[in-house]
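Asks: Sequence:
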Amino acid sequence: MTDTVTNPLPDGRPGIAGAGAVAAPTRARYLILAFIIAAYFITYVDRVLLSVAEPFIEKAFGFSTITMGWVLFCYSIAYAAFQIPGGWFGDKVGPRIALTCVVIWWSVFTALTSLTWSAASMGVCLFLIGMGEAGAFPIANRALSRWMLPSERAIAQGSTHAGSRLGSALTPMMVVPLVGATMLGWRLPFLLFAAVGVVWALLWYRFYRNTPAEHRLVNQAEQEQISRALGFRGNAKRRVPWKQILSNPQMWLLGAMYFCYAYDIGAFLSWFPKYLNAARGVDLKHLGFYASLPFVAGLLGDITGGVVSDALVKRTSNLRFARRIVSIVGFWVSAVTVLCAAWAADPMVSLAWFAVALFALELTVGVSWAITLDVGGEFAGSVSAVMNTMGNIGAAMAVAVTARLASNFGWASAFLVIAALAAIAGLLTLTIDASRSFYREEPVG
1 MTDTVTNPLP DGRPGIAGAG AVAAPTRARY LILAFIIAAY FITYVDRVLL SVAEPFIEKA
61 FGFSTITMGW VLFCYSIAYA AFQIPGGWFG DKVGPRIALT CVVIWWSVFT ALTSLTWSAA
121 SMGVCLFLIG MGEAGAFPIA NRALSRWMLP SERAIAQGST HAGSRLGSAL TPMMVVPLVG
181 ATMLGWRLPF LLFAAVGVVW ALLWYRFYRN TPAEHRLVNQ AEQEQISRAL GFRGNAKRRV
241 PWKQILSNPQ MWLLGAMYFC YAYDIGAFLS WFPKYLNAAR GVDLKHLGFY ASLPFVAGLL
301 GDITGGVVSD ALVKRTSNLR FARRIVSIVG FWVSAVTVLC AAWAADPMVS LAWFAVALFA
361 LELTVGVSWA ITLDVGGEFA GSVSAVMNTM GNIGAAMAVA VTARLASNFG WASAFLVIAA
421 LAAIAGLLTL TIDASRSFYR EEPVG
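So for the sequence shown, the numbering used here puts the first residue at 1; every next one is plus one.
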(Lines of atoms letter the chains of each structure in order from A and count residues from 1; the text may use other names and numbers.)
(Lines give C-alpha, C1' and ligand atoms only; values in the text may rest on other atoms or scores of the structure.)
Protein backbone atom coordinates (compact mmCIF):
# COMPACT_ATOMS: atom_id res chain seq x y z
CA MET A 1 0.00 0.00 0.00
CA THR A 2 1.40 3.42 -0.93
CA ASP A 3 1.58 5.98 1.85
CA THR A 4 0.27 9.49 1.38
CA VAL A 5 2.15 12.49 2.63
CA THR A 6 0.61 15.34 4.48
CA ASN A 7 1.38 18.64 2.80
CA PRO A 8 0.58 21.98 4.41
CA LEU A 9 -1.58 24.25 2.30
CA PRO A 10 -0.53 27.85 1.59
CA ASP A 11 -2.79 29.14 4.37
CA GLY A 12 -1.15 26.84 6.93
CA ARG A 13 -3.89 24.18 7.10
CA PRO A 14 -2.78 20.56 6.61
CA GLY A 15 -3.63 18.98 3.30
CA ILE A 16 -3.19 15.51 1.83
CA ALA A 17 -0.95 15.13 -1.18
CA GLY A 18 -1.53 12.44 -3.76
CA ALA A 19 -0.25 8.92 -3.31
CA GLY A 20 3.51 8.70 -3.42
CA ALA A 21 3.91 12.49 -3.31
CA VAL A 22 6.81 14.07 -1.46
CA ALA A 23 6.21 17.00 0.89
CA ALA A 24 7.58 20.28 -0.43
CA PRO A 25 10.20 21.94 1.79
CA THR A 26 8.82 24.40 4.29
CA ARG A 27 10.27 27.92 4.45
CA ALA A 28 10.77 28.40 8.17
CA ARG A 29 14.23 29.86 7.55
CA TYR A 30 12.62 32.98 6.12
CA LEU A 31 10.81 33.58 9.41
CA ILE A 32 14.16 33.30 11.18
CA LEU A 33 15.53 35.85 8.71
CA ALA A 34 12.59 38.17 9.43
CA PHE A 35 13.36 38.06 13.16
CA ILE A 36 17.00 38.93 12.53
CA ILE A 37 16.05 41.79 10.21
CA ALA A 38 13.93 43.13 13.08
CA ALA A 39 16.90 42.75 15.46
CA TYR A 40 19.13 44.76 13.13
CA PHE A 41 16.41 47.40 12.88
CA ILE A 42 16.19 47.71 16.67
CA THR A 43 19.98 47.77 17.05
CA TYR A 44 20.32 50.71 14.70
CA VAL A 45 17.33 52.55 16.10
CA ASP A 46 19.13 52.50 19.45
CA ARG A 47 22.46 53.39 17.86
CA VAL A 48 21.26 56.27 15.69
CA LEU A 49 19.11 57.48 18.56
CA LEU A 50 22.35 58.66 20.17
CA SER A 51 23.42 60.81 17.23
CA VAL A 52 19.94 62.22 16.56
CA ALA A 53 19.50 63.17 20.20
CA GLU A 54 23.01 64.64 20.29
CA PRO A 55 22.08 68.26 19.41
CA PHE A 56 19.32 68.19 22.03
CA ILE A 57 21.64 66.66 24.65
CA GLU A 58 24.33 69.25 23.89
CA LYS A 59 21.76 72.00 24.39
CA ALA A 60 20.39 70.49 27.61
CA PHE A 61 23.78 69.91 29.27
CA GLY A 62 25.87 72.57 27.58
CA PHE A 63 28.32 70.01 26.18
CA SER A 64 30.80 71.05 23.48
CA THR A 65 31.06 69.04 20.26
CA ILE A 66 34.37 67.55 21.41
CA THR A 67 32.89 66.55 24.80
CA MET A 68 29.98 64.87 23.04
CA GLY A 69 32.47 63.16 20.75
CA TRP A 70 34.15 61.55 23.74
CA VAL A 71 30.80 60.51 25.20
CA LEU A 72 29.90 58.76 21.92
CA PHE A 73 33.41 57.29 21.83
CA CYS A 74 32.60 55.38 25.04
CA TYR A 75 29.91 53.50 23.13
CA SER A 76 32.10 52.91 20.10
CA ILE A 77 35.13 51.56 21.97
CA ALA A 78 33.00 49.11 23.96
CA TYR A 79 31.25 48.04 20.76
CA ALA A 80 34.64 47.32 19.18
CA ALA A 81 36.19 45.63 22.23
CA PHE A 82 33.38 43.14 22.83
CA GLN A 83 32.90 41.85 19.28
CA ILE A 84 35.03 38.73 19.74
CA PRO A 85 33.65 37.93 23.23
CA GLY A 86 30.16 38.37 21.79
CA GLY A 87 30.88 36.05 18.87
CA TRP A 88 32.43 33.49 21.23
CA PHE A 89 29.38 33.71 23.52
CA GLY A 90 27.08 33.01 20.57
CA ASP A 91 29.16 30.02 19.45
CA LYS A 92 29.35 28.73 23.03
CA VAL A 93 25.72 28.84 24.20
CA GLY A 94 23.92 29.14 20.87
CA PRO A 95 22.13 32.12 19.31
CA ARG A 96 18.82 31.47 21.06
CA ILE A 97 20.11 32.22 24.56
CA ALA A 98 22.94 34.54 23.53
CA LEU A 99 20.88 36.97 21.46
CA THR A 100 18.13 37.05 24.09
CA CYS A 101 20.69 37.99 26.75
CA VAL A 102 22.50 40.73 24.85
CA VAL A 103 19.32 42.43 23.62
CA ILE A 104 17.86 42.57 27.14
CA TRP A 105 21.24 43.82 28.46
CA TRP A 106 21.51 46.77 26.10
CA SER A 107 17.79 47.59 26.38
CA VAL A 108 18.10 47.95 30.16
CA PHE A 109 21.03 50.34 29.82
CA THR A 110 19.28 52.25 27.04
CA ALA A 111 16.49 52.93 29.53
CA LEU A 112 19.00 53.91 32.22
CA THR A 113 20.61 56.42 29.84
CA SER A 114 17.46 58.51 30.25
CA LEU A 115 18.40 58.97 33.92
CA THR A 116 21.94 60.27 33.31
CA TRP A 117 22.92 63.71 34.61
CA SER A 118 26.46 64.35 33.28
CA ALA A 119 28.92 63.48 30.54
CA ALA A 120 30.55 60.84 32.77
CA SER A 121 27.29 59.09 33.71
CA MET A 122 26.14 59.11 30.10
CA GLY A 123 29.51 57.75 28.96
CA VAL A 124 29.21 54.83 31.40
CA CYS A 125 25.73 53.93 30.16
CA LEU A 126 26.78 54.17 26.53
CA PHE A 127 29.80 51.95 27.24
CA LEU A 128 27.49 49.30 28.71
CA ILE A 129 25.07 49.60 25.78
CA GLY A 130 28.03 49.09 23.45
CA MET A 131 29.04 45.95 25.34
CA GLY A 132 25.63 44.42 24.69
CA GLU A 133 25.20 45.56 21.11
CA ALA A 134 28.68 44.28 20.23
CA GLY A 135 27.39 40.73 20.28
CA ALA A 136 24.35 41.36 18.12
CA PHE A 137 25.80 41.04 14.63
CA PRO A 138 28.22 38.12 15.27
CA ILE A 139 25.52 36.18 17.12
CA ALA A 140 22.92 36.93 14.46
CA ASN A 141 25.44 35.82 11.83
CA ARG A 142 25.91 32.57 13.76
CA ALA A 143 22.13 32.18 13.82
CA LEU A 144 21.91 32.52 10.04
CA SER A 145 24.86 30.16 9.44
CA ARG A 146 22.74 27.14 10.43
CA TRP A 147 19.70 28.16 8.41
CA MET A 148 20.40 30.02 5.15
CA LEU A 149 21.45 28.28 1.91
CA PRO A 150 24.72 29.45 0.25
CA SER A 151 22.79 30.91 -2.70
CA GLU A 152 20.75 33.01 -0.25
CA ARG A 153 23.59 34.40 1.84
CA ALA A 154 24.24 37.78 0.25
CA ILE A 155 20.58 38.69 -0.13
CA ALA A 156 19.97 37.54 3.46
CA GLN A 157 22.82 39.72 4.69
CA GLY A 158 21.71 42.57 2.47
CA SER A 159 18.20 42.28 3.92
CA THR A 160 19.41 42.28 7.52
CA HIS A 161 21.55 45.33 6.92
CA ALA A 162 18.65 46.93 5.08
CA GLY A 163 16.81 46.50 8.37
CA SER A 164 19.59 48.40 10.11
CA ARG A 165 19.47 51.18 7.53
CA LEU A 166 15.69 51.35 7.82
CA GLY A 167 16.28 51.94 11.51
CA SER A 168 18.84 54.60 10.62
CA ALA A 169 16.40 56.25 8.22
CA LEU A 170 13.31 56.21 10.44
CA THR A 171 14.96 57.08 13.75
CA PRO A 172 15.45 60.81 13.03
CA MET A 173 11.81 61.10 11.94
CA MET A 174 10.63 59.27 15.08
CA VAL A 175 12.96 60.88 17.61
CA VAL A 176 12.65 64.58 16.76
CA PRO A 177 8.83 64.67 17.28
CA LEU A 178 9.14 62.56 20.45
CA VAL A 179 11.65 64.96 21.96
CA GLY A 180 9.11 67.75 21.82
CA ALA A 181 6.12 65.62 22.81
CA THR A 182 6.51 65.70 26.60
CA MET A 183 8.49 67.31 29.41
CA LEU A 184 10.83 64.31 29.31
CA GLY A 185 12.38 65.74 26.12
CA TRP A 186 15.30 63.71 24.74
CA ARG A 187 14.88 61.11 27.50
CA LEU A 188 11.53 59.74 26.26
CA PRO A 189 12.82 57.93 23.12
CA PHE A 190 15.41 56.06 25.20
CA LEU A 191 12.65 54.64 27.41
CA LEU A 192 10.35 53.70 24.53
CA PHE A 193 12.96 52.00 22.38
CA ALA A 194 14.32 50.08 25.37
CA ALA A 195 10.86 48.54 25.83
CA VAL A 196 10.78 47.51 22.16
CA GLY A 197 14.08 45.66 22.60
CA VAL A 198 12.85 43.69 25.59
CA VAL A 199 9.70 42.60 23.74
CA TRP A 200 11.75 41.44 20.74
CA ALA A 201 14.08 39.42 22.99
CA LEU A 202 11.21 37.54 24.62
CA LEU A 203 9.64 36.73 21.24
CA TRP A 204 13.01 35.58 19.86
CA TYR A 205 13.57 33.18 22.75
CA ARG A 206 10.12 31.70 22.25
CA PHE A 207 10.43 31.27 18.46
CA TYR A 208 14.05 30.58 17.51
CA ARG A 209 15.86 27.24 17.68
CA ASN A 210 19.61 26.76 17.21
CA THR A 211 19.22 24.20 14.42
CA PRO A 212 16.45 23.44 11.89
CA ALA A 213 16.09 19.94 13.34
CA GLU A 214 14.83 21.42 16.62
CA HIS A 215 12.16 23.67 15.09
CA ARG A 216 8.55 22.51 14.94
CA LEU A 217 7.84 24.46 11.73
CA VAL A 218 10.62 22.75 9.74
CA ASN A 219 9.62 19.62 7.86
CA GLN A 220 11.96 16.83 6.83
CA ALA A 221 12.37 18.19 3.31
CA GLU A 222 13.58 21.62 4.45
CA GLN A 223 15.84 20.07 7.06
CA GLU A 224 17.49 17.85 4.45
CA GLN A 225 17.72 20.75 1.97
CA ILE A 226 19.62 22.84 4.52
CA SER A 227 21.83 19.94 5.70
CA ARG A 228 22.89 19.03 2.16
CA ALA A 229 23.66 22.63 1.26
CA LEU A 230 25.62 23.53 4.39
CA GLY A 231 27.44 20.25 4.87
CA PHE A 232 27.95 20.28 8.63
CA ARG A 233 26.47 18.06 11.30
CA GLY A 234 23.48 18.93 13.44
CA ASN A 235 24.37 19.67 17.04
CA ALA A 236 27.98 18.42 17.03
CA LYS A 237 30.08 20.60 19.32
CA ARG A 238 33.41 21.66 17.83
CA ARG A 239 36.05 24.01 19.09
CA VAL A 240 36.50 27.26 17.21
CA PRO A 241 39.74 26.88 15.15
CA TRP A 242 41.09 30.23 16.32
CA LYS A 243 44.69 29.49 15.38
CA GLN A 244 43.78 28.77 11.77
CA ILE A 245 41.39 31.70 11.50
CA LEU A 246 43.76 34.27 13.02
CA SER A 247 46.83 33.04 11.12
CA ASN A 248 45.07 33.30 7.75
CA PRO A 249 46.20 36.51 5.95
CA GLN A 250 42.79 36.71 4.27
CA MET A 251 41.20 37.26 7.69
CA TRP A 252 43.25 40.41 8.20
CA LEU A 253 42.65 41.69 4.67
CA LEU A 254 38.91 41.23 5.20
CA GLY A 255 39.20 43.00 8.55
CA ALA A 256 41.17 45.89 7.06
CA MET A 257 38.57 46.33 4.32
CA TYR A 258 35.80 46.35 6.93
CA PHE A 259 37.77 48.84 9.06
CA CYS A 260 37.55 51.29 6.15
CA TYR A 261 33.83 50.62 5.60
CA ALA A 262 32.97 50.93 9.29
CA TYR A 263 34.93 54.16 9.73
CA ASP A 264 32.91 55.68 6.90
CA ILE A 265 29.48 54.50 8.00
CA GLY A 266 30.37 55.25 11.64
CA ALA A 267 31.15 58.86 10.75
CA PHE A 268 27.78 59.20 9.02
CA LEU A 269 25.83 57.52 11.82
CA SER A 270 27.46 59.62 14.54
CA TRP A 271 27.78 63.02 12.92
CA PHE A 272 25.59 63.45 9.84
CA PRO A 273 22.67 65.12 11.69
CA LYS A 274 25.16 67.44 13.40
CA TYR A 275 26.81 68.22 10.03
CA LEU A 276 23.47 69.16 8.46
CA ASN A 277 22.68 71.44 11.37
CA ALA A 278 26.12 73.05 11.80
CA ALA A 279 27.46 73.20 8.23
CA ARG A 280 24.36 73.22 6.03
CA GLY A 281 22.02 75.28 8.21
CA VAL A 282 19.24 72.71 8.56
CA ASP A 283 17.18 73.69 11.60
CA LEU A 284 16.29 71.18 14.31
CA LYS A 285 12.63 71.18 13.23
CA HIS A 286 13.47 69.74 9.80
CA LEU A 287 16.58 67.81 10.81
CA GLY A 288 14.83 64.46 11.13
CA PHE A 289 13.55 64.42 7.56
CA TYR A 290 16.73 65.54 5.82
CA ALA A 291 19.02 63.35 7.95
CA SER A 292 16.94 60.32 6.98
CA LEU A 293 17.19 60.66 3.20
CA PRO A 294 20.74 59.29 2.64
CA PHE A 295 19.98 56.35 4.94
CA VAL A 296 16.92 55.47 2.84
CA ALA A 297 19.27 55.34 -0.15
CA GLY A 298 21.60 53.17 1.93
CA LEU A 299 18.74 50.77 2.63
CA LEU A 300 18.21 50.34 -1.11
CA GLY A 301 21.94 49.77 -1.52
CA ASP A 302 21.90 46.97 1.07
CA ILE A 303 19.21 45.06 -0.79
CA THR A 304 20.65 45.74 -4.23
CA GLY A 305 24.14 44.58 -3.29
CA GLY A 306 22.86 41.29 -1.91
CA VAL A 307 20.53 40.60 -4.84
CA VAL A 308 23.20 41.34 -7.45
CA SER A 309 25.93 39.31 -5.73
CA ASP A 310 23.74 36.21 -5.26
CA ALA A 311 22.47 36.51 -8.84
CA LEU A 312 26.08 36.56 -10.04
CA VAL A 313 26.84 33.47 -7.92
CA LYS A 314 23.99 31.59 -9.60
CA ARG A 315 24.86 32.81 -13.11
CA THR A 316 28.64 32.43 -13.06
CA SER A 317 29.26 29.87 -10.26
CA ASN A 318 32.25 32.08 -9.48
CA LEU A 319 31.94 33.05 -5.83
CA ARG A 320 35.14 35.09 -5.76
CA PHE A 321 34.05 37.26 -8.71
CA ALA A 322 30.46 37.64 -7.51
CA ARG A 323 31.55 38.99 -4.13
CA ARG A 324 34.43 41.16 -5.38
CA ILE A 325 32.80 43.04 -8.23
CA VAL A 326 29.89 44.40 -6.19
CA SER A 327 32.14 45.65 -3.40
CA ILE A 328 34.73 47.23 -5.70
CA VAL A 329 32.09 49.20 -7.59
CA GLY A 330 30.40 50.24 -4.36
CA PHE A 331 33.53 51.49 -2.61
CA TRP A 332 34.93 53.42 -5.55
CA VAL A 333 31.65 55.09 -6.49
CA SER A 334 31.21 56.09 -2.86
CA ALA A 335 34.72 57.58 -2.74
CA VAL A 336 33.98 59.88 -5.68
CA THR A 337 30.47 60.93 -4.68
CA VAL A 338 31.38 61.76 -1.05
CA LEU A 339 33.75 64.39 -2.40
CA CYS A 340 31.07 65.71 -4.77
CA ALA A 341 28.70 66.01 -1.80
CA ALA A 342 31.19 67.75 0.48
CA TRP A 343 32.12 70.38 -2.10
CA ALA A 344 28.66 71.05 -3.54
CA ALA A 345 27.57 74.61 -2.81
CA ASP A 346 23.81 73.96 -2.84
CA PRO A 347 22.63 72.03 0.26
CA MET A 348 20.05 70.03 -1.70
CA VAL A 349 22.60 69.04 -4.35
CA SER A 350 24.94 68.02 -1.55
CA LEU A 351 22.22 65.91 0.04
CA ALA A 352 21.55 64.17 -3.28
CA TRP A 353 25.25 63.32 -3.67
CA PHE A 354 25.35 62.00 -0.09
CA ALA A 355 22.41 59.74 -0.92
CA VAL A 356 24.33 58.29 -3.89
CA ALA A 357 27.44 57.90 -1.73
CA LEU A 358 25.58 55.96 0.97
CA PHE A 359 23.77 53.83 -1.63
CA ALA A 360 27.13 52.84 -3.11
CA LEU A 361 28.80 52.30 0.27
CA GLU A 362 25.94 50.06 1.41
CA LEU A 363 26.21 47.89 -1.72
CA THR A 364 29.24 46.39 0.02
CA VAL A 365 28.04 45.56 3.52
CA GLY A 366 25.79 42.57 2.80
CA VAL A 367 28.54 41.14 0.61
CA SER A 368 31.11 41.54 3.40
CA TRP A 369 28.95 39.62 5.85
CA ALA A 370 28.09 37.00 3.22
CA ILE A 371 31.84 36.42 2.85
CA THR A 372 32.06 35.56 6.57
CA LEU A 373 29.47 32.84 5.93
CA ASP A 374 31.29 31.69 2.79
CA VAL A 375 34.66 31.35 4.53
CA GLY A 376 33.51 30.69 8.11
CA GLY A 377 30.83 28.00 7.80
CA GLU A 378 29.63 26.95 11.23
CA PHE A 379 32.22 29.27 12.79
CA ALA A 380 30.82 32.29 10.97
CA GLY A 381 30.05 33.91 14.33
CA SER A 382 33.71 33.91 15.29
CA VAL A 383 34.97 34.95 11.84
CA SER A 384 32.46 37.80 11.65
CA ALA A 385 33.37 38.84 15.20
CA VAL A 386 37.02 39.30 14.19
CA MET A 387 35.99 41.25 11.08
CA ASN A 388 33.54 43.37 13.01
CA THR A 389 36.08 44.05 15.77
CA MET A 390 38.41 45.64 13.25
CA GLY A 391 35.47 47.41 11.68
CA ASN A 392 34.35 48.91 14.92
CA ILE A 393 37.82 50.06 15.84
CA GLY A 394 37.40 52.09 12.68
CA ALA A 395 33.92 53.23 13.73
CA ALA A 396 35.21 54.24 17.17
CA MET A 397 38.03 56.24 15.59
CA ALA A 398 35.53 57.89 13.25
CA VAL A 399 33.56 59.30 16.18
CA ALA A 400 36.53 61.05 17.78
CA VAL A 401 38.54 61.87 14.64
CA THR A 402 35.56 63.35 12.78
CA ALA A 403 34.77 65.63 15.71
CA ARG A 404 38.39 66.79 15.88
CA LEU A 405 38.74 67.34 12.13
CA ALA A 406 35.42 69.18 11.85
CA SER A 407 36.23 71.42 14.80
CA ASN A 408 39.80 72.25 13.76
CA PHE A 409 39.86 72.06 9.96
CA GLY A 410 36.22 72.11 8.81
CA TRP A 411 33.85 69.39 7.66
CA ALA A 412 35.44 69.05 4.20
CA SER A 413 38.57 67.56 5.78
CA ALA A 414 36.48 64.91 7.54
CA PHE A 415 34.82 63.88 4.28
CA LEU A 416 38.18 63.76 2.50
CA VAL A 417 39.28 61.06 4.96
CA ILE A 418 36.02 59.17 4.37
CA ALA A 419 36.59 59.23 0.59
CA ALA A 420 40.20 58.07 0.91
CA LEU A 421 39.24 55.09 3.07
CA ALA A 422 36.50 54.06 0.62
CA ALA A 423 39.06 54.07 -2.19
CA ILE A 424 41.48 51.96 -0.09
CA ALA A 425 38.68 49.50 0.75
CA GLY A 426 38.08 48.95 -2.96
CA LEU A 427 41.74 48.06 -3.44
CA LEU A 428 41.68 45.65 -0.48
CA THR A 429 38.62 43.92 -1.90
CA LEU A 430 40.72 42.87 -4.91
CA THR A 431 42.77 40.65 -2.58
CA ILE A 432 39.89 38.78 -0.87
CA ASP A 433 38.85 35.32 -2.09
CA ALA A 434 35.43 34.29 -0.76
CA SER A 435 35.76 30.79 -2.24
CA ARG A 436 38.49 29.68 0.19
CA SER A 437 37.69 28.63 3.75
CA PHE A 438 39.64 30.27 6.56
CA TYR A 439 40.22 26.89 8.26
CA ARG A 440 40.66 23.20 7.45
CA GLU A 441 37.85 20.84 8.30
CA GLU A 442 38.71 18.41 11.10
CA PRO A 443 36.88 15.20 12.02
CA VAL A 444 34.19 15.53 14.67
CA GLY A 445 35.20 13.57 17.77
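Hints in this document: simulated from the structure, not taken from any laboratory.
Predicted model, so just to flag it, every value in this text is computed and none were measured.
Note that beta-carbon positions come from the ideal geometry of N, C-alpha and C, so glycine has one too.
There's no promise every hint is true.
Unchecked claim - Each computed DMTMM-like pair below joins lysine to aspartate or glutamate, with the alpha-carbon atoms no more than 20 Å apart:
id, residue 1, residue 2
1, K92, D346
2, K92, D283
3, K243, E58
Said to hold, decoys possible - The calculated label-pair distances, taken between Cβ atoms and stated as ranges, are:
id, residue 1, residue 2, range
4, Q244, S118, 42 to 50 Å
5, L31, I97, 16 to 24 Å
6, G281, L246, 43 to 51 Å
7, L430, F207, 49 to 57 Å
Asks: State for each hint whether it applies.
Replies: Status of each hint after checking the structure:
Note on K92 and D346: the hinted pairing is violated, with a Cα-Cα distance of about 52 Å set against a maximum of 20 Å. Proposed proximity of K92 and D283 is contradicted: the alpha carbons are some 48 Å apart, above 20 Å. About 45 Å separates the Cα atoms of K243 and E58, which puts this hinted pair outside 20 Å; it is violated. Checked against the hint of 42 to 50 Å, the pair Q244 and S118 passes, with Cβ atoms roughly 46 Å apart.
The beta-carbon spacing between L31 and I97, approximately 19 Å, falls within the hinted interval of 16 to 24 Å. Checked against the given bound of 43 to 51 Å, the beta carbons of G281 and L246, roughly 48 Å apart, stay inside it. Checked against the given bound of 49 to 57 Å, the beta carbons of L430 and F207, roughly 41 Å apart, lie outside it.
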